[in-house]
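Asker: Based on the hints, put chain R in the right spot on chain A.
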Amino acid sequence: MTDATPAIELRGISKAFGPVQANKDISIRVMPGTIHGIIGENGAGKSTLMSILYGFYKADSGEIFINGKKTAIPDSQAAIEAGIGMVFQHFKLVENFTVLENVILGAEDGMLLRPSLAKARQQLKQLAEEYELSVDPDALIEDIGVGAQQRVEILKALYRKADILILDEPTGVLTPAEADHLFRILENLKREGKTIILITHKLREIMEITDEVSVMRRGQMVGHVSTANTSPPELAELMVGRKVLLRVDKKPATPGAPVLQVRDLKVTDDKGVHRLRGISFEVRAGEILGIAGVAGNGQSELLEVLGGYERGTGEILLNGQPIDATLRHSNGRTRRESGISHVPEDRQREGLIMDFSAWENIAFGYHNAPEYQQSRLFMKNAAIRAATEEKMQKFDVRPPNPLLAAKNFSGGNQQKLVLAREIDRNPDLLLVGQPTRGVDIGAIEFIHQQIVALRDAGKAILLVSVELDEIMSLADRIAVMFDGRIMGERLPDKTNAKELGLLMAGMSGEAA
Amino acid sequence: MEKMPKWADVILIPVISLLLAGIISALVIMAIGEDPVKALWIMVDGATGSAYNWGYTLYYTTNFIFTGLAVAVAFHARMFNIGGDGQASIGGLGVALVCIYLPWPHWSLALLAAAVGSALFGAAFALIPAWLQAKRGSHIVITTIMFNFIGAALLNYLLVGPLKPMGSMEPATGKFPKVTSIPNFHDILGMFGIPFSRGAPANISFFIAIAACFAVWALIWRTRLGYEIRAFGHSEPAAKYAGINPTRIIVVSMLISGALAGMMSLNNVMGEAERLVLNSTEGAGFIGIAVALMGRSHPFGVFLAALLFGALYQGGAILSQDTNIPVQLVLVIQALVILFTGALDNMVRMPLEKLFLALRRKPAPAPKPTPAE
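Protein chains in written order, with this note's numbering: chain A, 16 to 527; chain R, 809 to 1181.
Just chain A, with the same shape it has in the complex (with noise of 0.2 Å):
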């Protein structure tokens, strides 16, 4: 095989950030027809890899040739005149525009649209029965669901005659059923002699569709291996760079009292739509309720009105004491009071101030709290710094410097500064939204390790991810919500990623 052109040969590549080496010194050759994978960590350089390689970013060093030929790419122009088509993880599409305006957009062939469109149809009907790529060319954007605007995003570069197509973590909005189709597509643009790479942190999927992977970490390539000749825990260390169990060690759930009970609970936002249907549970001391769906099925909402800054209709009781969920008398601070900790599901935007330092970020949301408190009006920041590096030591965040601002802290040390701060409160109640996304495999380890320890200390602890791998291996039991709704309820060994997918699909087939 390696007498053959590579599709894409990238030679020496090397990106600094600043004082960060997000590249260093790369090389990797894709053959054509192959599905390659590439697999790293967060932060180990694979989006900006293919950044340099789309023409976003310019190469501080390294060459580039595409089948054969040293091409320079200085802009996403040039990256499409290649033959390179990306589909990004943020899709890019024009929510009301039809699927064909979206196809042609950037690609129009004269002034007016009428004959372009009309090409466009034609291609796209043709590409549809090819590649098993269905999408209603006149439907909108918004109208259609997240599947198929993805599939828009691969016709959009089919339709710029695409050779060489990136997908940049393409599974992350999918329910299994439509991560396999979107595999399906991608087996059948292989056999058409197209070139793909796949950009994931998923090892499953890896293993699954790959003929070939490189595995990143730090910037850095470490291996490439062929994917019939390796394994799941060896690509784990690779990206690692030691040995990582894959599998959470739990002894079975000893569930005590409900403490949180919830009964009907609606959602509706400023739009007019019902993101919760009334939707009713409860959660046991000393047990973990995990919610799998796909994202935006209302799993978000959920988590915000139990933790008080998202408007709902409907009861709430912890300890059997009623909660407020209309937020007219209730707010984040007073769920606090009451015993419930949140670990929101974006630290950036919500769980932390990126700005703030480690120490201000500890005290974010109990900052009332008395121990914090010099005066009525003023806060005890020398109590705070010295509480804080307590924390960060117990929590193993790295550096354990309670004065550096928490942009600077890697994502994993970020989330594991959000759980220090919400598990060492010793909640009755820890809501936990996708608690390991975009943390590396190690700190993944630690944080299951952690809110496991928090579950068999008798506490409660409500769990939200996407992840389905995690849900059934961390809860002990699964609730699936499907817009708005629950569709059931299983238990993690007797139940598969199959038949979780169903439900994820708003299939409620009660399995027989």
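No wet-lab data here; the hints were simulated from the structure. Do not take every clue at face value.
Stated by the list, open to error - Listed below are several chain R residues computed to face chain A (Cβ distance under 8 Å; list not exhaustive):
#1 1030
#2 1035
#3 1039
#4 1042
#5 1043
#6 1046
#7 1048
#8 1049
#9 1051
#10 1054
Said to hold, decoys possible - Taking lysine to any residue and the SDA-like style, the derived pairs with C-alpha atoms no more than 20 Å apart in a straight line are:
#11 73(A) to 1161(R)
#12 814(R) to 76(A)
#13 814(R) to 416(A)
#14 1162(R) to 76(A)
Said to hold, decoys possible - In silico negatives: residues of chain A with every beta carbon more than 12 Å from chain R:
#15 66
#16 112
#17 126
#18 153
#19 157
#20 161
#21 178
#22 238
#23 284
#24 296
#25 318
#26 324
#27 328
#28 383
#29 511
Keep in mind it's a predicted model, so treat the numbers as computed, not measured. All C-beta atoms in this analysis are idealised placements derived from N, C-alpha and C, irrespective of residue type, glycine included.
Answerer: What follows is chain R alone, placed relative to chain A:
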């Protein structure tokens, strides 16, 4: 990883910006056939050459400290309060009412009451834009700009109507009673036997301004309210998550901001004019924006920037007085300084950041041992 050392951010950038403004000003002065070195000397001498000149420089400085702090406090809550001018002029109304309509036994009590009055009036004038922002999402920049006009129109009406003494031909209130006259630098320093120019307008409110700097510093970095204001300013979603009430923070920070702007009138209305005239603020509310930007919204920075702009104002006045350089050109120089230190901040910052990064990379080629995992 900070992009550059703190001293570069706080000192180097303003100094370079000033130099650039100075160079362009020099070119402009040369273009009209005057000597820029001489002009600079006249300005420096005009601002600092004598006790009298210092008296004026510190008078302007006092104005700019108040309006600069006003903008800075609002800015910590990410509110851009453009309405400092209107709030300051309405604050002047508060001072005038306190001084004219209430009998005072001693200036100190009058000063205290006037401080409260100016702060209340300034704050009240900031309340409506704040409320509209918090409850209706009306953009604070737009509403505060409009409120500047409303304030000017209101004073126009009051000063040609109800507040104008009978028989007066001038749109202004009558002279405040003698007892409300507050000590100026001549009086204060005289107590310690230090001679100071009698005619210069700098007065005791300069020290109130200094005290306000300390108060704002303590508020922002030491109190719970300041913590909440900063948290809200950095991230509204995070503030909501933490149980911080956005409406409360918007309204309270704007009230404090308006109060500080209003208190400026202690200096110009009570301390200098001793009556309320039309356009009493002379645009000091807008200078406050530049002062806050240049001072990085930190009270000490605001103090330094206010001092600079105070000197620029006084020096500029002398420059137009002593040379053929027209007063409009002095405005150009002032505008250039505002432009470079405020609006064009990034023009200096970006290349400087790159420079520092390059410098740092050279000596230590791989400065990433093993910080995180």
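Asker: Are all C-beta atoms of chain R more than 12 Å from that of residue 161(A)?
Answerer: 22 Å, holds
Asker: Taking the minimum C-beta separation from residue 126(A) to chain R, is that value above 12 Å?
Answerer: 37 Å, holds
Asker: Let's test the interface hint: is any C-beta of chain A closer than 8 Å to that of residue 1049(R)?
Answerer: Holds, because the Cβ-Cβ distance from residue 1049(R) to chain A comes to roughly 4 Å (cut-off 8 Å).
Asker: Should the hint that residue 1030(R) touches chain A count as held when the rule is a Cβ pair under 8 Å?
Answerer: Interface hint status for residue 1030(R): holds (5 Å vs cutoff 8 Å).
Asker: Double-check residue 1051(R) for me: the hint is only fine if its C-beta lies closer than 8 Å to a C-beta in chain A.
Answerer: Status holds, d = 3 Å.
Asker: Hold the hint about residue 1043(R) up to the distance rule: shortest CB distance to chain A must be less than 8 Å.
Answerer: Status holds, d = 6 Å.
Asker: Tell me if the interface restraint on residue 1039(R) is satisfied: Cβ within less than 8 Å of some Cβ in chain A.
Answerer: Nearest chain A Cβ about 6 Å off; hint holds.
Asker: Can you verify the interface hint for residue 1046(R): is its Cβ closer than 8 Å to any Cβ in chain A?
Answerer: 5 Å, holds
Asker: Could you check that no beta carbon of chain R comes within 12 Å of the beta carbon of residue 66(A)?
Answerer: 19 Å, holds
Asker: Is residue 814(R) within 20 Å of residue 416(A), Cα to Cα?
Answerer: Holds, at roughly 18 Å.
Asker: Checking the smallest CB distance to chain R, is residue 112(A) really beyond 12 Å?
Answerer: 27 Å, holds
Asker: Mind verifying the non-interface call on residue 178(A)? Its CB should be farther than 12 Å from each CB in chain R.
Answerer: Residue 178(A) clear of chain R: closest Cβ-Cβ about 36 Å, beyond 12 Å.
Consistency note: the structure conflicts with the earlier hints numbered 10, 12, 25, 26, 28.
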